[in-house]
Every structure is written in C-alpha cells, then in structure tokens.
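S.K.: Take the sequences, apply the hints, and build the full model.
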Amino acid sequence: MKVDAKDVAVEFHDLTVSYDKKPVLWNIDMTLPKGALIGIIGPNGAGKSTLIKSAMGLLPLSSGYVRIFDKALDDVRRWVSYVPQRETVDWDFPTSVLDVVLMGRYARLGLLARPKKEDKEIAMNCLQKVGMEAYSKRQISQLSGGQQQRVFLARALAQEADLYFMDEPFAGVDAATESAILEVLQELTAQGKTVIVVHHDLQSAAEFFDWIILLNMRLIASGPIDQVFTNEYLQEAYGGKLTVLSEVSELIKKRRLPSREKY
Amino acid sequence: MEVLIEFFSFQDPNVVSVVVGAILLTASSAVVGTFTFLKKKALVGDAVAHAVLPGICLAFLLSGNKNPFFLIVGAFITGWISLVLVDTITARSKLKEDTAIALILSVFFGLGILMLTYIQHTGNAAQTGLQSFLFGKAAALVGQDLWVFGIVAVILIVTVVLFFKELTLIAFDEHFAHAIGLPVRGLNLLLTSLTVMAVVTGIQAVGVVLMAAMLITPAAAARFWTDDVRLMTFLAALMGAFSGLSGAFVSYTAPTMPTGPWIVMIISMIAIFSFFFAPARGIISNTVRQRNQQAQIMQENLLKELYRLGEKEENHFQERSVQELIEKRHFPKRPLKAALRQLKRRGYLTHHHGLWQLTQNGKAKGRRVVKLHRLWELYLSKYMKIEPDHVHEDAETIEHVITPELEAQLEALLDYPEVDPHDSKIPY
Numbered sequence: 001m002k003v004d005a006k007d008v009a010v011e012f013h014d015l016t017v018s019y020d021k022k023p024v025l026w027n028i029d030m031t032l033p034k035g036a037l038i039g040i041i042g043p044n045g046a047g048k049s050t051l052i053k054s055a056m057g058l059l060p061l062s063s064g065y066v067r068i069f070d071k072a073l074d075d076v077r078r079w080v081s082y083v084p085q086r087e088t089v090d091w092d093f094p095t096s097v098l099d100v101v102l103m104g105r106y107a108r109l110g111l112l113a114r115p116k117k118e119d120k121e122i123a124m125n126c127l128q129k130v131g132m133e134a135y136s137k138r139q140i141s142q143l144s145g146g147q148q149q150r151v152f153l154a155r156a157l158a159q160e161a162d163l164y165f166m167d168e169p170f171a172g173v174d175a176a177t178e179s180a181i182l183e184v185l186q187e188l189t190a191q192g193k194t195v196i197v198v199h200h201d202l203q204s205a206a207e208f209f210d211w212i213i214l215l216n217m218r219l220i221a222s223g224p225i226d227q228v229f230t231n232e233y234l235q236e237a238y239g240g241k242l243t244v245l246s247e248v249s250e251l252i253k254k255r256r257l258p259s260r261e262k263y
Numbered sequence: 001m002e003v004l005i006e007f008f009s010f011q012d013p014n015v016v017s018v019v020v021g022a023i024l025l026t027a028s029s030a031v032v033g034t035f036t037f038l039k040k041k042a043l044v045g046d047a048v049a050h051a052v053l054p055g056i057c058l059a060f061l062l063s064g065n066k067n068p069f070f071l072i073v074g075a076f077i078t079g080w081i082s083l084v085l086v087d088t089i090t091a092r093s094k095l096k097e098d099t100a101i102a103l104i105l106s107v108f109f110g111l112g113i114l115m116l117t118y119i120q121h122t123g124n125a126a127q128t129g130l131q132s133f134l135f136g137k138a139a140a141l142v143g144q145d146l147w148v149f150g151i152v153a154v155i156l157i158v159t160v161v162l163f164f165k166e167l168t169l170i171a172f173d174e175h176f177a178h179a180i181g182l183p184v185r186g187l188n189l190l191l192t193s194l195t196v197m198a199v200v201t202g203i204q205a206v207g208v209v210l211m212a213a214m215l216i217t218p219a220a221a222a223r224f225w226t227d228d229v230r231l232m233t234f235l236a237a238l239m240g241a242f243s244g245l246s247g248a249f250v251s252y253t254a255p256t257m258p259t260g261p262w263i264v265m266i267i268s269m270i271a272i273f274s275f276f277f278a279p280a281r282g283i284i285s286n287t288v289r290q291r292n293q294q295a296q297i298m299q300e301n302l303l304k305e306l307y308r309l310g311e312k313e314e315n316h317f318q319e320r321s322v323q324e325l326i327e328k329r330h331f332p333k334r335p336l337k338a339a340l341r342q343l344k345r346r347g348y349l350t351h352h353h354g355l356w357q358l359t360q361n362g363k364a365k366g367r368r369v370v371k372l373h374r375l376w377e378l379y380l381s382k383y384m385k386i387e388p389d390h391v392h393e394d395a396e397t398i399e400h401v402i403t404p405e406l407e408a409q410l411e412a413l414l415d416y417p418e419v420d421p422h423d424s425k426i427p428y
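Residue numbers (my numbering), protein chains in the order written: chain V, 1 to 263; chain F, 1 to 428.
What the hints contain is simulated information worked out from the structure, not anything from laboratory work.
Note that the structure is predicted; figures quoted are calculated from it, not measured.
Cβ coordinates follow ideal geometry from the N, Cα and C atoms, glycine included.
Possibly wrong hints are sitting among the right ones.
[What the hints assert, rightly or not] Here are the simulated DMTMM-like pairs of lysine to aspartate or glutamate, each with C-alpha atoms no more than 20 Å apart in a straight line:
| id | chain 1 | residue 1 | chain 2 | residue 2 |
| --- | --- | --- | --- | --- |
| 1 | F | 39 | V | 87 |
| 2 | V | 120 | F | 228 |
| 3 | V | 21 | F | 87 |
| 4 | F | 39 | V | 162 |
[To be verified] Partner residues aside, some chain V positions facing chain F, computed with beta carbon under 10 Å:
| id | residue |
| --- | --- |
| 5 | 69 |
| 6 | 82 |
| 7 | 83 |
| 8 | 90 |
| 9 | 95 |
| 10 | 103 |
| 11 | 106 |
| 12 | 165 |
| 13 | 202 |
| 14 | 225 |
M.R.: Below is the structure:
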C-alpha cells in the first residue's frame with residue numbers, strides 16, 4: 001500500500017540495493033512529502049539504514065534512482081543533511097564538542113577555508129537548540145550516549161539543510177534527550193523542512209511521526225500514519241520474513257550474480 | 001661533553017645541514033603520521049615503508065647514480081603499488097587486510113633486499129651508501145640531498161596544514177564527510193600519497209626497516225598529552241623533531257652508527273614516558289585516581305558504620321576504639337587507621353586518648369551514606385522488583401556513586417519514604 005505525496009521532497013524509483021551482491025532492499029518505489037516528520041519502521045535487518053544510506057549516495061545502487069527536490073543528489077547536497085548512527089565513529093577521537101558541530105559547516109566553507117566567527121556562532125546556536133551549549137569545550141569521550149546523539153543532531157542543524165536523514169537518533173538515549181530531540185525535529189518540520197528518521201520502537205513511532213514507511217526488505221506501506229499504522233500492515237512487516245525472498249538473495253550472493261542484467 | 005658543545009655550537013656547516021634535515025624529515029613524518037594513526041592505519045605505514053626499498057634499488061639500477069630525485073620517484077612508485085595491491089587484495093579476495101599487509105610487506109621487502117644485494121655485487125662505485133637506506137644515515141643529509149628531501153618535507157607539512165580540517169573529518173567520520181559532499185576519495189588519495197612521501201623522505205634519516213615507528217610513535221605519544229587534534233599534531237611534530245635532532249647528533253659523533261635505531265629508541269622513550277606519566281591519560285595518574293577513589297569509599301564506609309552504631313545505641317557521639325570497629329565490621333587494620341586519620345584531618349572525626357568520635361559534620365555525612373544505601377535498596381525492590389534479601393550488595397556500591405542531583409530525584413520519586421525494605425528507618 002502506498003500513498004503518493006503531493007509536494008514531493010524525495011522520490012525513490014524502483015530502488016534495489018545489495019551488500020556484497022546480496023540484495024537487501026528490493027524495488028523500493030515511493031514518494032515522500034515535504035515538511036513531514038517521516039518514520040522508517042521495520043524489524044531488524046529490514047534494510048532501514050540501508051534505505052537512507054543509499055539515498056545519501058553512501059552505497060552503490062543495483063538499480064533505480066533517488067531524486068531529491070526533483071534533482072540529482074549531487075545538485076542538492078548542500079540542502080541535505082545526514083545523521084549517522086552514533087556507534088559508527090570513535091568517540092575517543094581527540095576533538096571537542098564545538099569542533100564536531102563545526103564539521104556541519106564544512107560543506108559551506110569549502111576546501112582550505114577555516115571556520116569564521118560567524119560559523120562558530122551558528123554552531124553555538126545549534127548546541128543551544130539541543131541543550132548542550134554548556135558542553136561546547138568538552139572532549140567528546142566525556143559525553144553520555146544521549147549527549148553524543150545531541151551533538152550529532154547539532155552538527156546536522158549547523159548545515160542549515162532542508163532535508164534531514166537520521167539513522168536511529170532515538171536509539172539508547174535517556175528520556176530527557178528523547179524529548180529534546182523530538183522537540184527539535186518538530187520545530188524543523190514546522191519550518192517546512194523534511195525529516196526522515198529510522199526508528200525501531202513501534203510504540204513511540206505512533207506518537208512521533210506524521211508519515212510512516214513500513215519496510216521489510218521490500219516496501220510494505222508508505223503513507224500518512226492513520227492509513228499505514230494499522231494492524232494489517234504492521235503484521236505484514238513484522239510477521240516473519242518472506243523466506244523465498246531471503247533464499248533468492250542468498251543464492252544471488254553465492255553465485256556472484258549482478259542483481260540486474262547488463263544486456 | 002666536548003663533542004656535545006662542538007655539535008651544538010653549529011660551527012661546522014655540515015652540522016647545521018644535517019640537523020635541519022633530520023628535524024624536517026622526522027617532524028614531517030610525525031605530522032603525516034598523526035593522521036595515519038587517527039585513521040588506525042598504522043600497519044599500512046609499515047607496509048609502505050618496506051615497499052619503497054625495491055623502488056629505490058630499481059631507480060639506482062636504471063639511472064646508475066644516487067640522484068635523490070630519481071630515488072624519490074622510484075620509491076614513490078613502488079610504495080604506491082604496494083598500497084594499491086593491499087586494497088585490491090582486501091576488496092577482491094577472501095583475505096583480510098592484516099593478511100594482505102603482511103604479504104605485501106614481505107614480498108616487497110624481500111625483493112628490495114635481493115636487488116640491494118645484486119647492486120652490491122656489481123661493484124659499481126656509486127653504490128656505497130645505498131645500504132644506509134636500510135637503517136638510515138642522517139649524516140648523509142648534505143648538499144643536494146638536503147635540498148630535495150627538505151623541500152619535500154616542507155611541502156608535506158604545508159599540505160597537512162592546508163587540508164587540516166578535511167583530513168580531520170575523514171579520520172573522524174568518513175560517512176558524514178561523504179554525505180556533505182567532500183571529495184572523500186580524493187582526500188583519501190591525498191593522505192595515502194602524503195604517507196608514501198613521508199616514508200620516502202623519512203627513510204634517509206631512519207631507514208625503511210624502522211620507518212613505521214617514525215610515522216606512528218610520535219602521534220601515539222602525543223595522544224597521551226592532549227584531547228585536541230591540533231595540539232596533538234603539533235606535539236607529535238615536536239617530539240619527532242627532538243628525536244631527529246638526537247639522531248643527527250649520534251650520526252655526527254659516531255659516523256659508522258646507523259641513525260634509525262637511535263631515533264626510534266629516543267621517540268620510543270618519549271612514548272613510554274608519556275604512557276606512564278602523562279596527566280589524565282597516563283597509567284600513574286590513573287592508578288592514583290583509583291587509589292583516591294578507594295580511600296574515599298573506605299572513609300564513607302567508616303562514617304556509615306559509626307553512624308549505624310550510634311543509631312543502634314541511640315548515641316551518635318559515643319567514643320570508640322579501633323579494636324571495636326574492627327570487630328563490628330572487618331575493616332583491615334592499616335587502611336582503617338589511615339582512613340581514621342584522614343577523616344580527622346577533614347573534620348569528620350575527633351581523637352582523644354586512642355578513642356574516636358564523630359563530629360557534627362561526620363554524623364551528617366555518615367547519615368547521608370546510610371540514607372542513600374537505604375533509598376537505593378527501596379528503589380531496587382520497588383521499581384526493579386528485586387527481592388529484599390538481594391538488594392544489599394548492590395546498594396553497598398551504589399551508595400558511593402549517587403550524586404546530589406540523583407539523590408534529590410530518588411527522594412522525590414520515592415516520596416521521602418520512612419523505611420527501607422528491611423524496615424530500617426531512613427534518616428534525613
């Protein structure tokens with residue numbers, strides 16, 4: 001089941017993505033609306049992170065394409081921001097909270113340029129939005145999990161983008177961080193920006209999002225929450241994998257076949 | 001001593017050139033090596049260092065002389081090929097990166113030694129000194145060599161300074177760098193080229209065998225002293241330069257001695273010193289911190305015990321002997337006495353005629369520990385549904401950890417309860 005968006009922010013067109021030849025997402029085809037808080041929901045191994053990574057051009061696509069604001073990603077990168085899972089970096093890296101947030105400004109600064117006073121002000125401003133301004137000089141290894149997540153969010157805010165992809169920003173954070181992050185996301189969508197979030201908790205998903213994407217290696221449903229968040233679709237997404245689909249994926253990997261033929 | 005003065009008076013122009021050269025080479029490898037270290041690619045540096053040897057030999061065989069320019073080009077080419085091969089093997093075969101590195105390192109180094117031996121047997125008079133690329137010879141850094149290697153070293157440092165923010169970002173979070181549209185492939189290529197160049201220039205001072213140490217050790221040592229990548233890079237350069245200077249000195253005073261091992265020994269001493277003595281991250285300060293913590297726990301336990309005894313006898317200011325305390329709770333004698341003395345100094349206890357007594361402050365502090373202990377027991381049994389006879393051990397630890405903020409939260413959450421799960425009164 002899928003509902004087409006009226007004012008399109010992101011379009012996935014027949015997207016298939018493979019890891020090491022093994023397809024993990026099959027034929028994802030949908031449009032997502034501007035200004036919405038969108039949740040990507042599905043069981044472990046459903047391909048949720050893969051979906052946003054491929055949208056950000058971090059993974060090679062086996063087939064299909066992604067268009068953002070009706071343009072190719074490289075033409076709009078400046079307006080697109082990405083928050084990786086916080087476990088993907090080494091938090092013992094010798095750098096401070098403010099320096100991490102300033103990284104959000106690098107795309108605007110361009111090569112060779114140093115951050116200016118204005119960039120530092122914007123970075124401090126973003127830290128304040130996530131309630132971390134008191135920590136700006138801290139070394140990042142001294143932060144708790146929730147604080148790390150807020151710093152990553154502040155870095156994304158410093159990009160001043162129009163579209164945000166976030167990979168599990170609510171995973172393993174304390175209650176205070178959860179509400180602080182949610183508040184920031186709602187503020188962003190209120191300004192007409194689009195926020196797409198990978199999320200693992202069904203219960204809070206029902207409260208957080210306006211639009212839901214249900215995923216389990218293939219698209220189960222995409223649409224406004226009241227149409228998608230139904231027993232029927234949830235059961236389809238969580239009610240076990242399609243065993244034939246998984247086995248075909250394994251076969252393709254074993255025989256090292258490309259998932260699309262060239263000729 | 002005389003030699004030392006003679007050396008550092010810099011009257012011999014050769015000394016100046018050797019010193020400047022050695023410092024530039026070691027400092028530039030340290031600066032580039034900081035990023036190799038931060039990207040956790042230390043072993044890759046080692047592979048490149050060994051892989052440049054066949055390039056140097058090949059350049060010599062083809063050109064017939066030791067022109068530094070040809071040697072650098074030759075070294076750069078085989079250094080690069082080795083890295084490409086490591087990447088290809090890792091990506092295309094089932095072998096993992098460590099295996100690929102070990103394979104490439106030994107194959108290239110073996111090839112290099114073969115060629116070196118062949119050159120030595122050709123009887124070409126120009127080949128004398130080629131041997132010094134194995135273990136380094138800082139004293140050879142004069143004339144044209146100094147200029148060529150020196151300029152490359154300066155270029156390396158300037159390039160790192162220019163691309164500092166991008167190199168830092170790809171070392172910290174490559175995905176994000178890619179996502180914001182930085183040319184990650186290009187930057188990785190740049191860092192790889194810088195690493196190869198650093199190795200190629202550094203081997204003149206250190207030699208191929210020990211070059212990896214010159215890339216990685218200064219960064220590893222500097223990491224102990226700071227949490228700021230800028231300062232870390234600067235410190236690494238400084239430490240590298242110092243070891244280079246001492247290497248030059250050794251090379252000057254004992255011309256037959258290879259400099260590489262000396263430089264590496266000195267930078268390793270700096271690293272070992274940092275490992276033990278750096279504030280905050282060093283082993284010693286860590287040990288001291290842990291000891292202080294244990295002493296504090298001991299003191300808090302003591303105050304708690306005194307408070308509980310007072311609670312039972314309804315007299316908190318009863319004077320007690322050391323013997324009595326040992327009987328009540330099996331405190332080991334020596335740490336107990338140390339803790340008692342420390343508590344007296346901090347004004348929590350008084351001491352008359354061998355007997356110890358709580359002060360008002362001491363009573364308040366003891367009461368707080370008892371309160372935290374009992375609050376935590378209650379919290380465990382109420383919110384985590386743990387049986388009352390299983391909560392004590394947990395609370396023994398947690399009572400020393402809870403901050404005043406958490407204390408207030410616990411009190412509010414449990415609504416200032418009267419008694420703990422064992423029906424002991426909770427004191428406020």
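S.K.: Report the numbers of all earlier hints that the structure fails to satisfy, in ascending order.
M.R.: Result: hints 4, 5, 13, 14 break, sorted rising.
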